[in-house]
Each structure stands twice: as C-alpha cells, then as structure tokens.
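J.: Sequence:
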Amino acid sequence: MRLPKLILSAMVVASGLVVVAAPAAAFASWLQQPTATLVSPDTWEFTAVSCTSPSICMAVGQVTAPSSQLLSETRSPSGWTVRPTLQPVVGSHFLSVSCTKASACTAVGESPAGLGSVPLAERWFGNGWVIQSAPAPAGATFSQLSGVSCISATKCLAVGFAQTGGSQKPLAELWNGSSWKIQATPKPAGQPLSELTGISCPSTSRCFAVGRFARKNAQKTLAETWNGKKWAIQKTPSPVKNDVLNAVSCRAANSCMAVGSGLAERWNGQSWSTQKIGKPSGSAADLTGVSCTKAGPCYAVGGNFRQAVQSSVAELWNGSKWSVQPVVLTTSSDPSLLDGVSCTTATNCTAAGFYDDPANGDRALAEDFSIRWQDVSPAPFIGTTAAGLNGVSCTSQNACLAVGTVQRGGAFQAISQTWNGTGWTARIMPRPKITHLFAVSCTTATACTAVGDIVTGTNSVPLAERWNGVHWTIQKIPHPPSAARNILASVSCPSKTSCFAVGATTNSSNQERTLAERWNGKTWQVTPTPNPARKTEIELTGVSCPAASSCVAVGSFLEGMFAQAWNGKTWKFTGAVPNPKNDIHGELNGVSCPATSDCMAVGETSANSSTVPLAERWNGKKWSPQRAVPPADAISSALVDVSCTSGNACAAVGLEQESAGVGAIAESWTGKRWVMHPIGVPVGSTNTILNHVSCNSAIACMAVGSFRDSSAVDQMLAEQYS
Numbered sequence: 086m087r088l089p090k091l092i093l094s095a096m097v098v099a100s101g102l103v104v105v106a107a108p109a110a111a112f113a114s115w116l117q118q119p120t121a122t123l124v125s126p127d128t129w130e131f132t133a134v135s136c137t138s139p140s141i142c143m144a145v146g147q148v149t150a151p152s153s154q155l156l157s158e159t160r161s162p163s164g165w166t167v168r169p170t171l172q173p174v175v176g177s178h179f180l181s182v183s184c185t186k187a188s189a190c191t192a193v194g195e196s197p198a199g200l201g202s203v204p205l206a207e208r209w210f211g212n213g214w215v216i217q218s219a220p221a222p223a224g225a226t227f228s229q230l231s232g233v234s235c236i237s238a239t240k241c242l243a244v245g246f247a248q249t250g251g252s253q254k255p256l257a258e259l260w261n262g263s264s265w266k267i268q269a270t271p272k273p274a275g276q277p278l279s280e281l282t283g284i285s286c287p288s289t290s291r292c293f294a295v296g297r298f299a300r301k302n303a304q305k306t307l308a309e310t311w312n313g314k315k316w317a318i319q320k321t322p323s324p325v326k327n328d329v330l331n332a333v334s335c336r337a338a339n340s341c342m343a344v345g346s347g348l349a350e351r352w353n354g355q356s357w358s359t360q361k362i363g364k365p366s367g368s369a370a371d372l373t374g375v376s377c378t379k380a381g382p383c384y385a386v387g388g389n390f391r392q393a394v395q396s397s398v399a400e401l402w403n404g405s406k407w408s409v410q411p412v413v414l415t416t417s418s419d420p421s422l423l424d425g426v427s428c429t430t431a432t433n434c435t436a437a438g439f440y441d442d443p444a445n446g447d448r449a450l451a452e453d454f455s456i457r458w459q460d461v462s463p464a465p466f467i468g469t470t471a472a473g474l475n476g477v478s479c480t481s482q483n484a485c486l487a488v489g490t491v492q493r494g495g496a497f498q499a500i501s502q503t504w505n506g507t508g509w510t511a512r513i514m515p516r517p518k519i520t521h522l523f524a525v526s527c528t529t530a531t532a533c534t535a536v537g538d539i540v541t542g543t544n545s546v547p548l549a550e551r552w553n554g555v556h557w558t559i560q561k562i563p564h565p566p567s568a569a570r571n572i573l574a575s576v577s578c579p580s581k582t583s584c585f586a587v588g589a590t591t592n593s594s595n596q597e598r599t600l601a602e603r604w605n606g607k608t609w610q611v612t613p614t615p616n617p618a619r620k621t622e623i624e625l626t627g628v629s630c631p632a633a634s635s636c637v638a639v640g641s642f643l644e645g646m647f648a649q650a651w652n653g654k655t656w657k658f659t660g661a662v663p664n665p666k667n668d669i670h671g672e673l674n675g676v677s678c679p680a681t682s683d684c685m686a687v688g689e690t691s692a693n694s695s696t697v698p699l700a701e702r703w704n705g706k707k708w709s710p711q712r713a714v715p716p717a718d719a720i721s722s723a724l725v726d727v728s729c730t731s732g733n734a735c736a737a738v739g740l741e742q743e744s745a746g747v748g749a750i751a752e753s754w755t756g757k758r759w760v761m762h763p764i765g766v767p768v769g770s771t772n773t774i775l776n777h778v779s780c781n782s783a784i785a786c787m788a789v790g791s792f793r794d795s796s797a798v799d800q801m802l803a804e805q806y807s
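Sequential numbering of the sequence shown, starting at 86, is according to the numbering used here.
Just so you know, not all the hints are guaranteed correct.
What the hints assert, rightly or not - Think about it this way: if two alpha-carbon atoms lie no more than 16 Å apart in a straight line, the pair counts; the simulated EDC-like pairs of lysine to aspartate or glutamate are:
no., residue 1, residue 2
1, Lys620, Glu644
2, Lys361, Asp371
3, Lys707, Asp683
4, Lys706, Glu743
5, Lys326, Asp371
6, Lys757, Glu644
These are computed hints drawn from the structure, not numbers from a lab.
Could you build the full structure based on these sequences and the hints that come with them?
T.: Structure (structure tokens):
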C-alpha cells in the first residue's frame, strides 16, 4: 500500500457558526473484563486481587453455590483463566491475596473447624497451589486471616482476628519462607472486640495494618504498625459513631492511605488524618479496597446503595482530594460490589468483586482501569456527502483545535472544531468552492495557524489561516511564480510570531518539488529548500520546530525518503534516512521533535513484500530506524503522524488495510520500543482512519480522522487517549 502523500479524510458545507453536541469527555476509565465462566457451579465471586503488571494478576474468591469452594483465576494479556485450588475443608474462603511475581502469590482466609474456624493460607507457585500450615491461637474458637502483604517470596505478613469466648483480639502471623508464626499484637485497652482487616508493607521492616474496635456500642478505627520486631497501636481519628477501616495501601513508610465505611485516612509519617471521600449518588460509599501507586495516585473500590440496590463504587485520590469514578457494567446486572483493587502504575489498575446476573445469579466481576483511546467524535453534519478531520493541535488536555474538510455535492470546504474538554464546537468557514485545511498548530488556545490549499480548476495555491479564539482570518501567502499546483501539508509554530509550513509545489511540466514557507509574525515568505538530486515526486509531508531557529522536516520521493533541518537561516539535508535492514521504499509522513536534537518520524516501509509501519529516530547527528509494530493479520499498514512530549513518550497513529477494509491504528513509544494500542471507534463504523495526533503529556493525546457510518457516509472521527 502506498499512502496518499496528503490524506484527505473526507470533506462539508454550510455557513456560519454551528454548535453541535458531542460525547462527554473521555478520560481514563473503568472497563468490565470478561472473566472465566465456571461450568458446573451456580454462583461465584472474587474477594481480592493482586497484580504484578498491568495485565498479569491473580484474583481469589469462592464458589458460593451449590457448595462453598475456593476460587482462583489468573489474568494474562489473553484474558482470565481458572486455576484449580486445594480445598482443605468445604466452606473455606479466600479473603486476601498478595503476589510478588506472577509465580509467587500467597492467599489467606479461613476454614471451618468444628463449630468455629481456623486461619487458611495457600501458596501459588505458578503451576498450582500448596496449602500452608497457618496456626490458630491457643484456645481460640474463631480465627481468620483477613489481609496479607508479601514483601518477598520468603516474607509475608497476614492479619485478622482470633476470638476466645466473648473476647476478640487482633491476629498477626509472619511467613519466614518455611512456616507461619503468630506474632504478639496489642489491642485497645479495655476493649473486648477488635480486629485487623487490611495490611500493607512498604519495606521489609515496616508494615501498617488497619481495622476496627468496639467501644460503647460504636465501632472505631484501629491502626497498628510493625517495625520489624513488634506491633504497636497508632492513634487514628474516628469522626462519627461507626468508623471502620477496611484496607490500607502504603507506597512508602511515610505515606499510606486507609479506607473504610464512608471515610479515608492518610498517614504522613507522623500522624493519621481524615480525608473526605467522594460521595456517589445514593448513600455514602463503603470502601473495601485501596491501592496506591509509587507515582502518588490512589484508587479505592467498594460499594454503596442506590435506590436500595448495592452498586459498585470506584474513587481516585489525585494527591489532594478524592473523586468518584464511573464503573460501568456491560452485562445485565442488579447488585454489584468491588471488594479489592490492585494498581501497578499510576494509570493501570484491576478491581475484583461480583455482580448479580438476574438470570444466573452471582458472577465474578473484574474491572480494568487504564489510559486508553476512546471515541469522542463530533456530532455529524446533516445533509453532507462526507466529512473528515485532517489535523489537530492541543494546548492542554481540555483545549484542542482540529481542522478538516466537508463536502456537499462537488463543493469542498474547510472546517474547524474546538474541544473544551467536554465537547466540540464546529465552525464552517465560507471560502471558495474547493478549499482544504490539512494541518494546524496552536501556541495558545487563541493563537493557531492552519494550512492547506485553495483549488481552482486544475491549479491550486497555498492557504494559511489564523485563529484568534473568535474567528479565522485568511493570511496572504506567496508561492513559486511558475508553479501550477501548490499545497501545504504540515505546519509547526514554535511561538505566536513564528510558524513554518511545508508541502509540495508542481510546475507546468508536472515536476513536483519541495515547498517551505515561513511566517515571521507579519508576513509569509517562501524559504528555499534542497531537493534530492535526480529524484521525482518529491514532497515534504511533516515539519516540527522546537524553536524558531530549529526545525526538522521530513518527506519522500518516488521509492525513498529524506529529511532536512532549518538552522535559523537555511534548510539543509540532515543526511541519509536509512531503511530498516532488508526493507526498501521507505516513506515518511510525519515528524515530532520534543527537543532540537531529538526527533521521531513515522511512515511506512516495504518488508517481505508487505508495507509495515516505520519509525525513525533523529539524535541531532543521524537517523536510526525504530521498527514499529505491524498490526496482526493486516495486509498492509502505515503510520501517518506522530506527537512526542519527550524522547521517551510518543504517540503515533495511522491505518491498516485488512480484507474487511481499512482500520485506524495507534502505537506508543516507551523510549525502548513501540507498543500497539486498541482504539474505541464509534459503534458500527467501518473504514476508520486517523490522520493526525497531538499530545500534551504521555497520557493525554487527541487524534483525528474519519470513519464511515452505517449509511456509507464519511464522518469526522476524534479519539482521545486519556
């Protein structure tokens, strides 16, 4: 597949300002995952989860009917798989799990014993579970382990309670690599009922456990800390009558977050303080699980009652406050609850619990929280032949401006769309009959420059327009006097008074050559550019300028690619842009330079008789191929544009050709490799294409293009990575 050098997604026409509805802003969100279905049991649920990477997790729980059995499932990139467990006694329960790696997990809970219960512990070795002997305190009728935290494969601490007669006290046990041993744990003076329900160990000699104790017919919060040798009670606030802490997560010895019934408490290394949690609709949330990341954010899960129905709840701590996050169930359900959560990065978490299917009863529930591409496409125009977006520039996550073309009959007209974080506002710009905008660059939300062309018959002239936040103004822009066709395909503005645009110019002899123009804040001027010797079909397709005196432009000629750099005075070739080994006919479509000596360019190359995505890295001296990921089962594929916020964070978009048609693709550069990401395209869409992308951070990007709807009409496509 040879890409069109300048992609026209689609094309619309109307007049004046048009304000249209758009989907609500898409941010990182919770998405239900399909879990493994058990064959013979009737109902089952998860109670806890522990992850060692974004897609590697262990979830534990129990089958609740027709008989009580232990349950475990592992998550891999391909999905969830049931793992057989060892059942010491019918009626045993897993209540918590902690993994230090995929093949090293410890799960704890309780097993029936006579008229009471005893602690349960099992170890996962990657290919099966082994029961460990967890002692019960002498004389205890009921005892269980409710929470566990493993510091290494040979060191875990678990907490719970032990009940003897009318007295209930905290229980803690240490796994030393060969056996579990009971540790002495204090209880609040004079209080007959107390327990620990959650634990987190940020180091080998520091653990924090939380729970509750009873005082004068009320429940109060309880926290204890372990210093490597002994446990000690910590003072915690209890602002209301029935305060309970259910879980705790510590990213360091001086930074913990505990959650419970309607509250959260934070440890700063010296004291615990109450943190107001978000309040979902209905009653206050009972938070049962929490996970804090090294980067700072914490995620908590649980449930609350809405119109007398238990519903799942998720909340985010962003470092200063808690906020409620939507948890969407894609299955038919009534009650649901999330019991536990495990986060491996600031934007990747897995939560586990259950939902009640009205027809089939309780089922295990897994929810995945991650940064992902989500559809935020503008509402379609009415009565148009086609519409598409070709370029986008974002000055913040909540401020983007996109440009494109709309078509009605034989008329093609430029359009713009502004994004405010929650929706799009459209403006169709009355211009000559055939007008295109291909790219845009914004330095602020009220200072943008867009480029393209105006077509008259078989000729075309460059087009440049300036956006001031209220309206567009056409700028006077020159072109080579002997040229019959001129087009500007890309623009980069390093400041409010400096822009560089590149494209191609074709003379009357149909010879295509590079075109570059510079805006100095007042006027546009053509800046001479070198052309590869003895080559044809030469054009520049992308430009990126980290400074007014530093730009890199990329392009292609027939069956080859090249790049040139602006040094503040002239354009010069940067040197050869090599194909990956054994590849031929590379083409470059877009480039992004987060620094003057650090650029990433993308395009496509021919490998083994197939066209695949291509990436090239510029370090200020030479270009090096960085092979991108070809989509599985694609006949051919290519990357069209790239946006980098640092040398280790780039997002690239493009398309793939499959037997069923064309589909959009997106990849990210981690600093070491390219990773493919799924795209949440509009329901029922076909022939999706992403033409351009703009990122404000490694986790905030907007990409635009087009898709074909169910009526076979091309519509504007917008995808947000957030």
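J.: Which hint numbers does the structure go against, in order from smallest to largest?
T.: The structure conflicts with hints 4 and 6, although it agrees with all the remaining ones.
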